[in-house]
Amino acid sequence: EDQVTQSPEALRLQEGESSSLNCSYTVSGLRGLFWYRQDPGKGPEFLFTLYSAGEEKEKERLKATLTKKESFLHITAPKPEDSATYLCAVPRGGGKLIFGQGTELSVKP
Amino acid sequence: GAGVSQSPSNKVTEKGKDVELRCDPISGHTALYWYRQSLGQGLEFLIYFQGNSAPDKSGLPSDRFSAERTGGSVSTLTIQRTQQEDSAVYLCASSLVVYEQYFGPGTRLTVT
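Protein sequences, first through last, are from chains A and B.
For the first sequence, this note's numbering assigns the number 2 to the initial residue and increments by one for each residue that follows.
For the second sequence, this note's numbering assigns the number 23 to the initial residue and increments by one for each residue that follows.
Chain A with its partners taken away, still in its complex shape (with noise of 0.2 Å):
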């Protein structure tokens, strides 16, 4: 069964302080894995599409990266406004995407 899994469930980080985020999926025949990020009362905005291993994308502060298992979100010198929480998500065929839990991200002044 597809599966996509996100840890951490949480991460808070202090202004300046880079980590990543990270999304394992299990999926047969891999057509792409895409992020987003969901702030609070709002539907998710659309960040990033990755294609084949080794791939990467960049949109300020953020990088994406895609493995063969997995794809890292890369945060670096977060600022308080990229507080949310961020979604990743692989498509099952038919317009579906199946989301991971999200993690979601504080980053305190």
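Worth double-checking, as some hints may not be accurate.
Said to hold, decoys possible - Short, incomplete list of chain A residues facing chain B, as computed with Cβ under 10 Å:
1) Val5
2) Leu12
3) Gly33
4) Tyr37
5) Gln39
6) Gly42
7) Gly44
8) Pro45
9) Glu46
10) Phe47
11) Lys69
12) Phe73
13) Lys97
14) Phe100
What the hints assert, rightly or not - Derived contacts from chain B toward chain A, CB cut-off under 8 Å, selection only:
15) Tyr55
16) Tyr70
17) Asp78
18) Gly81
19) Pro83
20) Phe87
21) Tyr124
Said to hold, decoys possible - Subject to a maximum C-alpha distance of 30 Å in a straight line, what follows is the list of computed BS3-like cross-link-like pairs (lysine-lysine):
22) B:Lys79 with A:Lys43
23) B:Lys33 with A:Lys60
24) B:Lys33 with A:Lys69
Derived by calculation from the structure, the hints in this document are not laboratory data.
Bear in mind the structure is a predicted one, so any value in this text is a computation, not a measurement.
Just so it is clear, CB atoms sit at the ideal spot from N, CA and C, and this is done for glycine as well.
With chain A held as given, fit chain B onto it using these hints.
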């Protein structure tokens, strides 16, 4: 440009009543999706529309749930005879590129 919009933003209903939730996708997006997000749960896929093709209804939890998309644009998710376990945030998304989904703000449904 305008993003995905959903209405109402909040809906409180009594158990057993029917509710309709509306989604206006991004103009030009051919695909539309409905998800459900319950407290402490991840996003749960409900249904997917692509152009004029028959929708993928594989995620609908029961026959009390139905959805339609009129004119390839606006979609309505209907829940009949609501139950307390239907309480959740219902999210709509649309996309031009398959899987790169852009979400609306959601409708928070509370069944009392």
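Taking the hints in turn, this is what the structure says about them:
| no. | hint | verdict |
| --- | --- | --- |
| 1 | Val5 | holds (8 Å) |
| 2 | Leu12 | violated (17 Å) |
| 3 | Gly33 | holds (6 Å) |
| 4 | Tyr37 | holds (8 Å) |
| 5 | Gln39 | holds (8 Å) |
| 6 | Gly42 | holds (8 Å) |
| 7 | Gly44 | holds (3 Å) |
| 8 | Pro45 | holds (5 Å) |
| 9 | Glu46 | holds (7 Å) |
| 10 | Phe47 | holds (6 Å) |
| 11 | Lys69 | violated (19 Å) |
| 12 | Phe73 | violated (19 Å) |
| 13 | Lys97 | holds (5 Å) |
| 14 | Phe100 | holds (4 Å) |
| 15 | Tyr55 | holds (6 Å) |
| 16 | Tyr70 | holds (4 Å) |
| 17 | Asp78 | holds (4 Å) |
| 18 | Gly81 | holds (7 Å) |
| 19 | Pro83 | violated (14 Å) |
| 20 | Phe87 | violated (15 Å) |
| 21 | Tyr124 | holds (6 Å) |
| 22 | B:Lys79 with A:Lys43 | holds (25 Å) |
| 23 | B:Lys33 with A:Lys60 | violated (36 Å) |
| 24 | B:Lys33 with A:Lys69 | violated (42 Å) |
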